[in-house]
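Following the hints, position chains B and C against chain A.
Protein chains in written order, with the working numbering: chain A, 1001 to 1549; chain B, 369 to 452; chain C, 716 to 1081.
Be aware that a few hints might be false.
Mimicking EDC-like on lysine to aspartate or glutamate, the simulated pairs with C-alpha atoms at most 20 Å apart in a straight line are [said to hold, decoys possible]:
| hint | chain 1 | residue 1 | chain 2 | residue 2 |
| --- | --- | --- | --- | --- |
| 1 | B | 438 | C | 1017 |
| 2 | B | 370 | C | 1017 |
| 3 | C | 847 | A | 1515 |
| 4 | C | 718 | A | 1255 |
Coverage of chain C stretches by chain B, computed from C-beta distances (three or more under 8 Å per stretch; other residues unrestricted) [what the hints assert, rightly or not]:
| hint | stretch |
| --- | --- |
| 5 | 804-810 |
| 6 | 1008-1018 |
| 7 | 1034-1041 |
| 8 | 1044-1053 |
Which chain C residues stay away from chain B? Per the calculated CB distances, all over 10 Å, these [to be verified]:
| hint | residue |
| --- | --- |
| 9 | 716 |
| 10 | 791 |
| 11 | 941 |
| 12 | 976 |
| 13 | 1024 |
| 14 | 1031 |
| 15 | 1061 |
No lab work stands behind these hints, which were simulated from the structure alone. By construction, the Cβ of each residue, glycine as well, lies at the ideal position given by its N, Cα and C atoms.
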Amino acid sequence: MFSFFNGKRQTKKNMKKEQNSSDQPNSNTKYPGYIDNTLSTNIDIIRKRTGNSSDIVFRSLKIGRNPEIKTAVVYVKGMVDSQSVNDFLIEPMMNNPALQEKIIPQEVLTIITEEVVALGGVKPVNDWDELFGSLMSGNTIIFIDGVSEALIASTQGGERRSIQESTTYVSVRGPKEAFTESIETNIAMVRRIINNPDLWIESMKLGKMTKTDVSVMYINEIADKEIVKEVHKRLKRIDLDGILESGYIEQLIEDQTLTTFPTLYHTDRPDAVAGNLLEGRIAIFVNGTPFVLLGPAVFIQFFQSVEDYYERYDIATAVRFLRIFIFFISLIGPAVYIAITTFHQEMIPTQLAIIIAAQRESVPFPAFVEALIMEITFEILREAGVRMPKAVGSTISIVGALVIGQAAIQAGIVSPAMVIVVSITAIASFATPSYAVAISARLIRFLFMISAATFGFYGLILALIMLLVHLCSLRSFGVPYMSPIAPFIPGEAGDTFVRKPVWAYKERPRLIATENLIREGKDQRPQPPANRQIDNQNQNIKKGDQNET
Amino acid sequence: MKILGIALLILVVLISFSLYVDVTFLHVSLTNSIKNVLNPFIVMDSVELFIFVLFLFFLVAPSLTSYIRKRKKGSNNEKKQQQP
Amino acid sequence: MEKAKINAYQLFVLIVLFELGSALMVPLAIEAKQDAWLVILIGMGGGLFLYLIYYSLYYYYPDIPSTEYVQKIMGTTLGRIIAFFYVVYFVYLAARVLRNFGEMLVTFAYPETPLFVINALLIVLVIYTVRKGIEVLSRTGEFLFVFMSFLLISASILVVVGGIIDSNNLRPILADGIQPVMKTVLMHNLYFPFGEVVVFTMILPYLNRSEKAKRTGLMAIGLCGLILSLITAVNISVLGVSLVSRSQYPLLSTIQTVEVAGFLERLDVYFVLAVVIGVFVKIAVFFYVAMEGAANLFAVKESARLVVPIGVVILILSIAVASNFSEFFQEEHRFVHFYVHLPFQVIIPIFLLIIAFFKNRKKSKG
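The shape of chain A in the complex, shown without the other chains (with noise of 0.2 Å):
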């Protein structure tokens, strides 16, 4: 029996070999290898292996006398910027004085690239794959009759969506320019930010079908060289047919993929991103996303936000408190609600303790399936929400308001400390700065749900330990996802609760930048002059210019 089965799987493979191999050279025998040196076959060859798609322009040009040479320039419409195609090439190519006499075939690359074309990159190609790859990302080609070698010229370019504010990380203070979707615009963007030599760039092209451009971006002299090897050895490893988003870059290189929190840190904000390359991170842009990723990320990463080294230190702490909290909230607050309800009433001061009771007296279900109900309901409006065209975004709040807030406590399933239960936790899981991390809350909220509806507090204990010893397990690029406070280091918790002045950040976090640890110089606090007078004279202040005097 199992040799029969053996036998004809062997014999599958054995035969999907085979087609793969004669796959190969059926391919190959599409196209050859190298350009050829007559113009019609090569575009006679292009025109095949794109099956003649209508966006592919081909504009024949004659240049030179006696004879009269052809050429032809090949690009993709709207991938290109066709003014520059206009401006600095055909025109030129058409006008240029040194085309327009005797020449021959050979000598017309050179001359078109150095005296011609009027554009940044030109360079010669033979390899049809790189041809092709360069057309399809936006370049221009230049074919030429008699001459087995074309001319790249990089003209991409093309409609893209301007720089925009960020929609997702909105700030109060700080800048409030995004990335978007090209990812020139985005590294260079961060460039901006950091001018310096020592902000390294490593490119590579991701996806088999999609040839995406995805770029690491680290700043050489603090970055750790370990990290840095890892994450390539990672991207390296990647084997897609295509990457649409840098989600799917996050998925195929996060560290342990059986958990709902991200281990890897996204935002759209370059001024998040040069912060983060500062402390020794590394970032990884996909091309087609405002969405760069950071890594080694840690848990307490997701409670910050750029805004808060902006602020005040003590704002700032105080606002990152606050966060902890909302995030505590949004997690256990209606199991909280179900296991006093249901197994310790005795909590609750007595007042209180009534009123609940007599609210919960006409509710024919047990506290858990009431909270389930409500839970359920605010995540349907909510889905609905963010799914729905904006125009109809009042309807939905009407309706969510009239079924939430009134109608379901008047029919009787619901009591109203229950719906008051739900709001604050609903508003505290949008509360929370990152995203992934607040939907992560709210998914585990319903297991936190299940073990207090059936053991009570200790139940809920158990559950929040387990959460526990499932964050510490957490690492991300090898560091421990709980890092600055569990392995707790002592220099660098000053950031993670709390946030420290801005003058008292003298080191990089230890387990993301090993080596290149100094941050700042000594005496950073300010210190203001001792006397008044001195300042005064310093600055040849007029007397009555201020008050005091």
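Same frame as chain A, now just chains B and C:
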């Protein structure tokens, strides 16, 4: 198998120790103390039983799968040897 | 041995949480009546001494756990038997702690939930943790330590603010002389909780800087002694000697009497939280050590494969170890403290140390 053996060894040693303590120090007769040990496992309500069986399943499952895998490998090897 | 390293702070945290574990729950040294707090302090002194013995053994063999160096000291056969009994001892203690904890929850909070289910839940959590290894356990410990300190500090503030402390309950000091105090120390308190540090002979080799082992351990035990002594003193001064000696869980009773500002009352959750954290760490440490010991002894390559079997053994044993709580309690006091702890915590280690001392002296001479 070896793993289960280790666990069983520890369990047997400790249960017999606990029986010994019962008999010598608390002066319970041996039969009674054996009954005491077994009672909680005989009288179980459905939830307890379910959890208990679940535990036993997780206890046995890894050994069982490795055993099956070994047998498969063994049979495959035999057949491979037969083929030439 | 697992390839892992923990730092001195993590070791400190583990020892503190481990010691506090079930000691927070039960009445300690109440045989000495109002001098119980003194007993604990003296017991702590004994615990420090015991730790020095374990530390010296570690000093001789800094890279291997106790199940291995026993074999080096006593020879393979005898060493293996002793090591096996140590493994069994750890499993037994884990089961006892689990049983004690389960009984506590059943009596005071969940009278309708079967003991088996409560124990099973905790053991599932511990299995999950131990499977992740000692590094994760100690990192979790760091978090839990912060949490535990927060609980203890805020609880003591509440007790003080609540104005329920009556220090007259602690008088007279040494009414019956020093003898009952010393007797309690030697019969009970030296072994539980202080002598139980013997499990850390298995964990010390993971320490990344061995020179810190001595100071860290001593500090941790000292801190625990102070905390436990303080808690016992507070229990007695709030409840009075007779109530404490009749109460199964004196700390719980103390916390239940707290009432501040009219609405902060019935703070049982405090107690449950602290005890769950402590007991969790305690069982996890016992469990981990037993697992590594067994893996080492029976040459199991992946110690993680032993997790579920040992977990099930602990669970079954926690149910089978006694038929009811009074039997359990009797055993604990009349038998386990003296006849089980004494040989494993004191006699064997001292014996090992003497032999190790002579063996190593020979070596250094030769």
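Verification of the hints:
Straight-line distance between C-alpha atoms of residue 438/B and residue 1017/C comes to about 18 Å, which keeps the hinted pair within the 20 Å bound. Between the alpha carbons of residue 370/B and residue 1017/C the distance comes to roughly 12 Å, so the proposed pair stays at or under 20 Å and holds. For the hint linking residue 847/C to residue 1515/A, the alpha-carbon distance of about 29 Å lies beyond 20 Å, and the restraint is violated. Straight-line distance between C-alpha atoms of residue 718/C and residue 1255/A comes to about 18 Å, which keeps the hinted pair within the 20 Å bound.
Only when three residues or more bring their CB closer than 8 Å to a CB of chain B does the claim for the stretch 804-810 of chain C stand; here the count is 3, and the claim holds. With 3 residues having a Cβ less than 8 Å from any Cβ of chain B, the stretch 1008-1018 of chain C passes the three-residue criterion, so the hint holds. For the stretch 1034-1041 of chain C, the stated coverage by chain B is satisfied: 5 residues place a CB nearer than 8 Å to a CB of that chain, which reaches the threshold of 3. Note: the stretch 1044-1053 of chain C has 4 residues with beta-carbon separation from chain B under 8 Å; the three-residue rule is met and the coverage holds.
With a least beta-carbon separation of about 17 Å from chain B, residue 716/C lies farther than 10 Å from that chain, consistent with its non-interface assignment. For residue 791/C, the non-interface assignment is confirmed: its Cβ lies about 18 Å from the closest Cβ of chain B, beyond the 10 Å cut-off. The non-interface label for residue 941/C is consistent with chain B: the shortest C-beta to C-beta separation is roughly 34 Å, beyond 10 Å. The non-interface label for residue 976/C is consistent with chain B: the shortest C-beta to C-beta separation is roughly 41 Å, beyond 10 Å.
With a cut of 10 Å on Cβ distances, residue 1024/C falls inside the contact zone with chain B, its closest approach being about 3 Å. Against chain B, the non-interface label of residue 1031/C is violated: not every CB pair exceeds 10 Å, the least being about 7 Å. Look at residue 1061/C: its CB is around 19 Å from the nearest CB on chain B, clear of 10 Å, so calling it non-interface holds up.
The earlier numbered hints that this structure contradicts are 3, 13 and 14.
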